[in-house]
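J.: Letter 132 of the sequence shown, counting from 1, is numbered 132 in my numbering, and no numbers are missing.
Calculated from the structure, these hints are not laboratory results. This one's a predicted model, so the numbers in the text were calculated from it and none came from an experiment. Every residue, glycine too, gets a C-beta built ideally from N, C-alpha and C. Each hint should be verified, as a subset may be incorrect.
Derived CB-CB ranges, DEER-like [claimed, not checked]:
(1) A30 x R205: 31 to 39 Å
(2) L175 x E23: 35 to 43 Å
(3) E23 x E83: 23 to 31 Å
(4) E232 x L74: 18 to 26 Å
(5) R158 x G82: 19 to 27 Å
(6) E83 x S57: 35 to 43 Å
(7) A159 x L67: 27 to 35 Å
(8) R158 x L225: 18 to 26 Å
(9) A77 x A219: 35 to 43 Å
(10) A221 x W179: 15 to 23 Å
(11) L229 x S250: 23 to 31 Å
(12) D188 x K24: 17 to 25 Å
(13) P192 x E94: 21 to 29 Å
(14) T9 x S220: 26 to 34 Å
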Amino acid sequence: MTQHVSCTTEAGGIARLRIDRPEKLNSLTAPMVAALRDAVERLAADPAVRCVVLEASGRAFCAGQDLNERRPILDGATIDLGETLEAGLNRIVETISTMPKPVVCAVQGTAAGAGANLALACDIVIAGRSASFVQSFTKLGLIPDSGGTWILPRLAGRARARGMALLAEPVPAPLAADWGLIWQCVEDEDLPARAHDVAVRLAGRSELGLALTKRALEASAGNGLTEQLALEVQLQREAGASDSYRAGLSAFFKRDR
1 MTQHVSCTTE AGGIARLRID RPEKLNSLTA PMVAALRDAV ERLAADPAVR
51 CVVLEASGRA FCAGQDLNER RPILDGATID LGETLEAGLN RIVETISTMP
101 KPVVCAVQGT AAGAGANLAL ACDIVIAGRS ASFVQSFTKL GLIPDSGGTW
151 ILPRLAGRAR ARGMALLAEP VPAPLAADWG LIWQCVEDED LPARAHDVAV
201 RLAGRSELGL ALTKRALEAS AGNGLTEQLA LEVQLQREAG ASDSYRAGLS
251 AFFKRDR
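Whenever a hint applies, use it, and build me the whole structure from the sequences.
T.: What follows is the structure, encoded as structure tokens:
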């Protein structure tokens with residue numbers, strides 16, 4: 001971990017992964033990306049962790065890539081941006097999407113560029129009312145990365161995805177919630193408590209049930225209806241034979257008495 005990325009674990013198996021460079025709007029340096037990648041991969045494999053909360057310090061969630069690291073290009077240096085993506089942000093986004101445990105993201109202020117797509121890759125995104133999401137890439141002559149060209153059309157639809165990607169205009173959190181980009185928009189002062197409440201609820205659910213649900217939802221992007229129905233049969237068979245299901249049934253009938 002670097003001084004700008006921290007990870008703590010709370011009671012109940014909740015891990016809090018924090019981007020902590022508020023003086024630079026949490027813009028990402030190469031060491032920070034490497035630290036985030038290593039932390040996400042470690043949390044994904046840790047059986048003691050039941051839910052991950054991704055959060056940030058200060059008035060912005062993340063302003064994206066720290067462009068100071070790209071300044072040598074102006075002096076003739078060559079930096080392979082594809083290579084940096086493959087080694088860092090792509091692995092983070094893919095791990096968040098495929099890990100068996102849920103990832104909650106709390107967004108305050110600006111989430112721009114890779115910072116926006118890092119947030120949107122999470123399972124449940126909660127944003128403060130003053131937050132905004134901006135695909136700032138085309139202003140620099142780049143394309144949306146960190147999964148942006150995959151995530152945006154699936155969350156917001158073709159027209160809105162193209163508008164966000166091409167125009168690079170901020171989308172305020174209330175509008176992001178209306179569009180289905182995020183789960184919920186709350187008052188700024190309620191954001192930390194709301195994110196924590198959601199994490200506690202998820203950490204208390206069946207690990208197997210959540211893992212299989214994520215697996216099914218992830219697979220649906222590439223499946224037709226027939227394939228998805230068959231997968232549901234397979235996964236529901238596994239869930240229905242588990243101790244978690246029996247415990248859930250027992251708790252249900254106890255409440256019903």
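J.: Each hint needs a verdict: does it hold in this structure or not?
T.: Status of each hint after checking the structure:
no.	hint	in the structure
1	A30 x R205: 31 to 39 Å	holds (36 Å)
2	L175 x E23: 35 to 43 Å	violated (29 Å)
3	E23 x E83: 23 to 31 Å	holds (28 Å)
4	E232 x L74: 18 to 26 Å	violated (53 Å)
5	R158 x G82: 19 to 27 Å	holds (25 Å)
6	E83 x S57: 35 to 43 Å	violated (29 Å)
7	A159 x L67: 27 to 35 Å	holds (30 Å)
8	R158 x L225: 18 to 26 Å	holds (20 Å)
9	A77 x A219: 35 to 43 Å	holds (41 Å)
10	A221 x W179: 15 to 23 Å	holds (18 Å)
11	L229 x S250: 23 to 31 Å	holds (29 Å)
12	D188 x K24: 17 to 25 Å	holds (21 Å)
13	P192 x E94: 21 to 29 Å	holds (27 Å)
14	T9 x S220: 26 to 34 Å	holds (31 Å)
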